[in-house]
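Visitor: Here is what each chain is made of, one letter per residue.
There are 4 protein chains.
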Amino acid sequence: MVRLDRLIEELVTANRILAREGVVDSFGHVSVRHPDNPQLYLLSCSRAPDCIENDDIMAFALDGAPVDARGRAPYLERFIHGALYEARPDVTSVVHNHSESVIPFGVTGRKIKPIFHLGAGIGKDVPVWDSHDHFGDTALLVESMEMGRDLAKLIGAGATALMRGHGATVASKSIRQAVFISVYLEVNARLQKQAMEMGEVKFLTAGEVDKVASRTGPYGINRAWENWCRRAGRSFEADEA
Amino acid sequence: MVRLDRLIEELVTANRILAREGVVDSFGHVSVRHPDNPQLYLLSCSRAPDCIENDDIMAFALDGAPVDARGRAPYLERFIHGALYEARPDVTSVVHNHSESVIPFGVTGRKIKPIFHLGAGIGKDVPVWDSHDHFGDTALLVESMEMGRDLAKLIGAGATALMRGHGATVASKSIRQAVFISVYLEVNARLQKQAMEMGEVKFLTAGEVDKVASRTGPYGINRAWENWCRRAGRSFEADEA
Amino acid sequence: MVRLDRLIEELVTANRILAREGVVDSFGHVSVRHPDNPQLYLLSCSRAPDCIENDDIMAFALDGAPVDARGRAPYLERFIHGALYEARPDVTSVVHNHSESVIPFGVTGRKIKPIFHLGAGIGKDVPVWDSHDHFGDTALLVESMEMGRDLAKLIGAGATALMRGHGATVASKSIRQAVFISVYLEVNARLQKQAMEMGEVKFLTAGEVDKVASRTGPYGINRAWENWCRRAGRSFEADEA
Amino acid sequence: MVRLDRLIEELVTANRILAREGVVDSFGHVSVRHPDNPQLYLLSCSRAPDCIENDDIMAFALDGAPVDARGRAPYLERFIHGALYEARPDVTSVVHNHSESVIPFGVTGRKIKPIFHLGAGIGKDVPVWDSHDHFGDTALLVESMEMGRDLAKLIGAGATALMRGHGATVASKSIRQAVFISVYLEVNARLQKQAMEMGEVKFLTAGEVDKVASRTGPYGINRAWENWCRRAGRSFEADEA
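If you're matching them up, the sequences are chains A, B, C and D in order.
For the first sequence, numbering that gives the first Met the number 0 gives the first residue as 0, with consecutive numbering after it.
For the second sequence, numbering that gives the first Met the number 0 gives the first residue as 0, with consecutive numbering after it.
For the third sequence, numbering that gives the first Met the number 0 gives the first residue as 0, with consecutive numbering after it.
For the fourth sequence, numbering that gives the first Met the number 0 gives the first residue as 0, with consecutive numbering after it.
You may find that some hints are simply not true.
Claimed, not checked - Okay, derived cross-link-like pairs now, DSS-like style, lysine-lysine, Cα gap no bigger than 27 Å in a straight line:
| no. | chain 1 | residue 1 | chain 2 | residue 2 |
| --- | --- | --- | --- | --- |
| 1 | C | Lys110 | D | Lys172 |
| 2 | C | Lys172 | C | Lys152 |
| 3 | C | Lys201 | B | Lys112 |
| 4 | D | Lys172 | D | Lys123 |
| 5 | B | Lys201 | C | Lys110 |
| 6 | C | Lys152 | D | Lys210 |
What the hints assert, rightly or not - Derived list of chain A stretches under chain D, where covered just means 3 residues or more per stretch with a C-beta under 8 Å from a C-beta of chain D:
| no. | segment |
| --- | --- |
| 7 | 157-171 |
| 8 | 186-199 |
Honestly, the hints are just simulated from the structure, not real lab data.
Only a predicted model underlies this, so the values are computations on that prediction, with no experimental measurement involved.
Quick reminder that beta carbons are idealized off the backbone N, C-alpha and C, glycines included.
Model the full structure from these sequences, guided by the hints.
Guide: Below is the structure:
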């Protein structure tokens, strides 16, 4: 129970950090798989990330059914989260956002690729999911498990996908890592656009991406987490909840 | 009377939000139709949006005549508001601004089009009004009902127009929706410029714009409004005034 | 004496505003002609604009000699100010800055021109002064009356000039107007670059620039001034000191 | 001892300034050579620059061995610092960062050159170090003296180098000067990219770079330092520690 409380605290912190670092604005969300039951996940009710309090965190079954809603309205797009937890036992945390620099890539088909070491976590291939391909004219929202599963299928074993005319989704093994990748996906996209305008870009080699990935762990991520907690006005614990 | 007080409070909040979110700087304004008399509208006296207090809100007849000025000087460009309320019974709130990213579109004739779901509210067509076409060399300000009506005519049944060498105007059915469209008109313009530099852009289809529009309501807008109130240091009420 | 105190207070406010609005960083300065003696001007000692206090304001003769230094070190580049007051009896205030968006124009010879009504105050022609033309390899600083006069000559009867590899200078009839033009010179440059990247730009016509100029007065400038005072944490007086 | 305490205080201030001015985010570091023993240098333990306190400052031998770790974990990349102090007796302070605007230059081979007087300190030539040239696929980090020496060799007698897919390193004769160059390396890169997009750029001549360099001293740097201390919430001393 104490463990669950700490995890909820960490999830609220993640929401505030994503807002403070400009990855989400009034929309976007982050979830974590339930520590006691892998068939559930924790996600806020429908609220802007920077406004979220502990009591806003709800539990959902993988199909998106709330466990104990108590009048709280869920996010329409929670199916992004459930579908990824269903397809990927290795995934513990999911971020969905409308991070600005990634959107131009998603609507032009230009591929985002790791341009500096901190961007290596996005993976060697960042696919683009276009809801129009299988679902035609929609409100561009992932509003069913069917759509969520289609997105999860495209992500496959990867960490990230862009969503055409919408944003991006990140899946990772911990809250901190999912937030870390989300922040640096945005930075990588911003730097990559600038570099592409200046000439031929030397991206990270496949071997470099692998080497960085094998080295990215709590040592580096906690350094960022402490800094982001400070900026977001949240208390920091070195050990992940 | 209580209802009017709440609406004035909401209008002051809208001014502060537009300033905080970078849609207006020292100039620009937002109005609302009077709830008890559709032939009047409420608008601040001539002051920067971030400085406005409740006592600055004045009532105007549609032709721009103040109801009870009490020494307060009106905005010169209030005719933008009156002309839209006159032409459009469905319009309840109007925003006029010099939002930075839209200005380059207005002076080059490049069309702004919805590039992501949050930009759908700007509509399928965002026309550009050039005061020079009918009024020749002016100070570029809408300083008469004749000019206001010319602008309103171009907007027609739409929600937005750019103004060449000047800014933009947004007309909508509520204060919150007018602010929401104004914020995302700016974001959409910023993202669209970036995307155009990267290649052929896949904009939202007409069907997608319709689908998003049919889904955009208090559920989403209030989520942003709560966040913007927090950022602007204003109290939030879930129900629109 | 009271009048002088108010003017010094206004000059400190101008420094803080220029810093807050991003026109100056740790460098750059603003001066005002002495109200009792047109052969003197007031300017801070050598300090970053955002740090300046009333006691830092010194009086200088037009040739740059301090009236009563009391151990305070002057800015090396004060000759920019003196040379403009010497050449232009109509000038009451001068701003020198390294405002970021103007620098790329100054090193490429692209001309800045008014692109929206708030940019009209920069004038129809913004010349570029290159210290190398008459002075060869220097530290790019205006460190003598000879250099100051060369710059003032290029400005002629105008309000602005860019300085190659250095920044910009603005001369106007009041502190508030000089600050206003400095702020919007930066915004105009930023918007113009974006617009040039998008296609053929329709700048303000000469007639429009004249019309805007004839309309720009305390009514508009004070609205900005109140807002900037609020943002800079300075008290606001509607009447210029 | 008092002198060492003051230097540690100055080093913490430098960390906070680099964070506040956007030169470092959660990563990057700044060191200073030990005032009593040139075979040692002072550098924080592994922490984000904006979080660093006096007790985080550790002493290291030039080969990177901590003198008295007391459980504090060092930065992996401390070899950048040691290798420069080893190769360059004239160097007293080193900054390593991932400053955003320099990265696109490092991955495209476009050369950064001084574009305005405040950028002259970066030097006439800013070489790009590509770890891949001599070390193949790595995590792009400088994780040994061998790699540090390879970087130091490329820097030679210069002040700066970019690191492909990683960031930049600055070496200078004092903490304040190293920070000053780091800040303006970022600004110069940002302005240079904009200028290159606008046309042929007139960079500073070699003679101008020399003239500026000969004039850049405590007079100018302290002006910036006071401003940066104020912005970072640190107390300012005019004399360098």
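Visitor: So if I understand the rule, the pair passes when the alpha-carbon distance is 27 Å or less; does C:Lys201 with B:Lys112 pass?
Guide: Answer holds: C:Lys201 to B:Lys112 is near 20 Å, not above 27 Å.
Visitor: Against the 27 Å threshold, does the CA-CA distance of C:Lys172 and C:Lys152 hold or violate the hint?
Guide: holds, 18 Å
Visitor: Within 27 Å, alpha carbon to alpha carbon, are B:Lys201 and C:Lys110?
Guide: violated, 34 Å
Visitor: Tell me whether the statement that chain D covers the segment 186-199 of chain A is true, taking a Cβ distance below 8 Å and needing three residues at minimum.
Guide: holds (count 9)
Visitor: Holds or violated: C:Lys110 with D:Lys172, Cα cutoff 27 Å?
Guide: violated, 39 Å
Visitor: Go check the segment 157-171 of chain A versus chain D for me, would you? Three or more residues, Cβ under 8 Å, otherwise it fails.
Guide: Our answer is that it is violated, as 0 residues pass the Cβ test (under 8 Å) against chain D, missing three.
Visitor: Is the hinted pair D:Lys172 and D:Lys123 satisfied, with a Cα-Cα distance of at most 27 Å?
Guide: holds, 17 Å
Visitor: Just to be careful, I want the Cα atoms of C:Lys152 and D:Lys210 compared with a cutoff of 27 Å; is the pair within it?
Guide: Holds: C:Lys152 and D:Lys210 sit about 25 Å apart, inside 27 Å.
In this structure, the earlier hints numbered 1, 5, 7 are contradicted, and the remaining ones agree with it.
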